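Chemist: The primary structure of each chain is shown beneath.
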Amino acid sequence: MKEETSNNSRRKFLKSVGITVSAAGVVSGFSLLGAAKAAAQEPGETVNLLTQDGQLVQVDKNQLRPTVTGPLTELQKRGREGIAGKSFVMVIDLSKCRNARKCMVACQNHHQLRPDQHHINVLQMQDAEHTAPYFMPKPCQHCDNPPCTKVCPVDATFKRQDGIVLIDNERCIGCRFCIAACPYSARIFQWTEPKDAEKYKNLTYNIEANVPQKKGTVSKCLFSADRLRENKLPSCVSSCPNGVYYFGDQNEDAVTNGTTHETVRFSKLIEENAGYTLMPELGTKPRVYYLPPKNRAFKFNGDLLNEENLH
Amino acid sequence: MNDLPEQKETTLSFEKIKKDILRPMQNHKGLELWIAFLVTVISVCAWAYYVQLRDGLGVTGMRDYVSWGLYIANFVFFVAVSLVGMLISSILGLLRIDWITPISRIAEIIAVAFVAVAGLVIIMDMGRPDRVVNVLIHGRFQSPILWDITVVTTYLTISLLLLILPMIPDLAICKNELKKASPFLKRLYNLLSFGYINTPSQYKHLHKMIRTLMVLIVPVGLAIHTVTSWLFAATLRNGWDTTIFGPYFVAGAFVAGSAGLIVAMYFFRVSYKLKDYITDVQFDNMGKLMVAVCLVYLYFNLNEFLVPGYKMKTGDDVHLTELFAGHWAIMFWSSQLLGNVIPIMLLVTKKFRKPFPIMVISLFILAGAWIKRYVIVIPTLLHPHLPIQNVPQNFVHYYPTAIEISVTVLSFALALLIITVLSKIFPVVPICEIAEQKGIEVKIEA
Chain B
15 MKEETSNNSR RKFLKSVGIT VSAAGVVSGF SLLGAAKAAA QEPGETVNLL TQDGQLVQVD
75 KNQLRPTVTG PLTELQKRGR EGIAGKSFVM VIDLSKCRNA RKCMVACQNH HQLRPDQHHI
135 NVLQMQDAEH TAPYFMPKPC QHCDNPPCTK VCPVDATFKR QDGIVLIDNE RCIGCRFCIA
195 ACPYSARIFQ WTEPKDAEKY KNLTYNIEAN VPQKKGTVSK CLFSADRLRE NKLPSCVSSC
255 PNGVYYFGDQ NEDAVTNGTT HETVRFSKLI EENAGYTLMP ELGTKPRVYY LPPKNRAFKF
315 NGDLLNEENL H
Chain W
-18 MNDLPEQKET TLSFEKIKKD ILRPMQNHKG LELWIAFLVT VISVCAWAYY VQLRDGLGVT
42 GMRDYVSWGL YIANFVFFVA VSLVGMLISS ILGLLRIDWI TPISRIAEII AVAFVAVAGL
102 VIIMDMGRPD RVVNVLIHGR FQSPILWDIT VVTTYLTISL LLLILPMIPD LAICKNELKK
162 ASPFLKRLYN LLSFGYINTP SQYKHLHKMI RTLMVLIVPV GLAIHTVTSW LFAATLRNGW
222 DTTIFGPYFV AGAFVAGSAG LIVAMYFFRV SYKLKDYITD VQFDNMGKLM VAVCLVYLYF
282 NLNEFLVPGY KMKTGDDVHL TELFAGHWAI MFWSSQLLGN VIPIMLLVTK KFRKPFPIMV
342 ISLFILAGAW IKRYVIVIPT LLHPHLPIQN VPQNFVHYYP TAIEISVTVL SFALALLIIT
402 VLSKIFPVVP ICEIAEQKGI EVKIEA
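First to last, the protein sequences are chains B and W.
Under the working numbering, the first residue of the first sequence is numbered 15, with each subsequent residue one higher.
Under the working numbering, the first residue of the second sequence is numbered -18, with each subsequent residue one higher.
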């Protein structure tokens, strides 16, 4: 519920920023010719503009240039570039996961998904017949050798400099080759009109959250790239009640637990807990690390798939 | 002295060849009814595609796990059948095998029709067909889809040329003989006969061009089916992640294509009354060819299933168990037995290579070939590396919907319509090549 409200306010905020920036654009557009002429006579005169991340800035009129609107919107352009200097990683501690599924709900709210659409899915795993079962949250692995982006015919899904694999649903042609190529089954497709399509139809497309979702295109986990830009943890990470998720920057060698907000060394966490990646034999080089489900924080009551055993 | 009667006879024969082959183009009631039927089917099924466009791919049985279904299976099937053009008119043509002369044009017509529809099927499978131009604007050549688009269009172009160029002398005949043709057709014959009057220099140039194209289409033909197989083999999925998919698909395509050709030969022979041209010899030889390509395909199947089946690696084990003895067993074994093993056993006997029995066997081979594509595409998607959980029941199974089946019927009807129309406006058996082969002088008036 809380997630929804913050989501709504964020949306409103985005909308208002959009309006302000475009209004500023119109105003500056009108005054631009005049301003350019007047610039020589009136040096140092400034105008107030609101940037896309919500800061009010003063700009010298001499610096004003008409906007060049290319085939990509500003959000798409920065979304494709990513956040410079970052290298995002996630660590999932399987010993803590007790299938609360708050991550799945938070994710679905954030990305406007239906309850049966998963960017992150908590799977009930059992590696061999007599080994103990465990719960395994499975987001997109944001592979460094991503099989999905390789096969995309139109560069709609791509890997950016901070390691995140995104999808541009304004370019996707819906061939679903990436879904076939992903060995982790991390991608979904909007087979019908997405949830609340009518409600969100006028919203500017935010590539970093992949909202609004579009019919006939692929969607996937984005590590909540829009929240990362605001220095927030991904939705799933911050919604976990059990301390399962760590998220952070590999360059800083620091990851933060979404529940306890404790920041630890990434390399140490992985080393001390025998961290591993999923199916390393496939050569995909995931950015999501798992800590093995040993000394589990809870007991199993028999059949995992039984609803009563969900906590 | 003896020359005179022989000369007379040959002139008559050339007239007879012309008359026999041009007759169904002029007057064929059944054919017109058949075209009307196909157009009706296409119009009705086009509505199904409209529904899919309007409501999204959700009207199909596909969901997040089985994200490629009937359409992709159809695509692979269409590409497979189209490879017959390259097999018959190029490989066998370059080897100067003469019994293919009367059937090479049918093979080329099938190639053009099936590869053209294959291209359409891919667009029908797209979630956003309105964005198809993105492939040109933002195309990434690292994606096998771009390779596929390249080879499909190249193959279609060369196949069209290989249909039209050898037909130039025949079209010159059509221009002269078919006085009652519609003005459009007359213009078409006039245009496509390029003023051909069979002078030695024209003959030489034409045949040089045809031979060049025959050589060119061999690598393109291999490429089209190899690249199609790479759409699967380039992924990391159990059942697709294999190195022999390229040659395996090519071998399978020769089987499906030959079967398609035999069925078409039979119908043209009966419906166009071409018994004197498409003779038992052609069926007998196609039967032998079929045994050969089926054996190659059987060999690939053995490699593709026996080797991983022997090891039963994690991931492959679930997939193969489902194929051999599980949910997919009936489809898997029927495609292997009806589409491959039993036809080999039957076709080694001469009596089964007679026109009617071999046509029936070929229908089974075609059905088997189609089921085989279905079994290649769908089961793999149902056996991903990680378990399928927390999704509705219809994500865990795949059953094509009525809409999907209608769109499938649409694509098949479209392929048949193209074949029918091409065989209605063009002579299906090469008039001049037959005459030449029989040592009859070809006369084309200017």
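The set of hints was computed from the structure by calculation and includes no laboratory data.
Keep in mind it's a predicted model, so treat the numbers as computed, not measured.
Glycine included, every Cβ here is placed at the ideal spot set by N, Cα and C.
Please note that a few of the clues may not be correct.
Said to hold, decoys possible - Covered, in the sense of this in silico footprint (three residues per stretch, anywhere, with C-beta under 8 Å from a C-beta of chain B), are these stretches of chain W:
#1 -4 to 10
#2 28 to 39
#3 44 to 56
#4 121 to 128
#5 205 to 216
Chemist: Next step is simple, just say for each hint if it's right about the structure.
Modeler: Hints, verified against the model:
{"no.": "1", "hint": "-4 to 10", "result": "violated (count 0)"}
{"no.": "2", "hint": "28 to 39", "result": "holds (count 4)"}
{"no.": "3", "hint": "44 to 56", "result": "holds (count 5)"}
{"no.": "4", "hint": "121 to 128", "result": "holds (count 6)"}
{"no.": "5", "hint": "205 to 216", "result": "holds (count 4)"}
Checked against the numbered hints given earlier, this structure breaks only hint 1.
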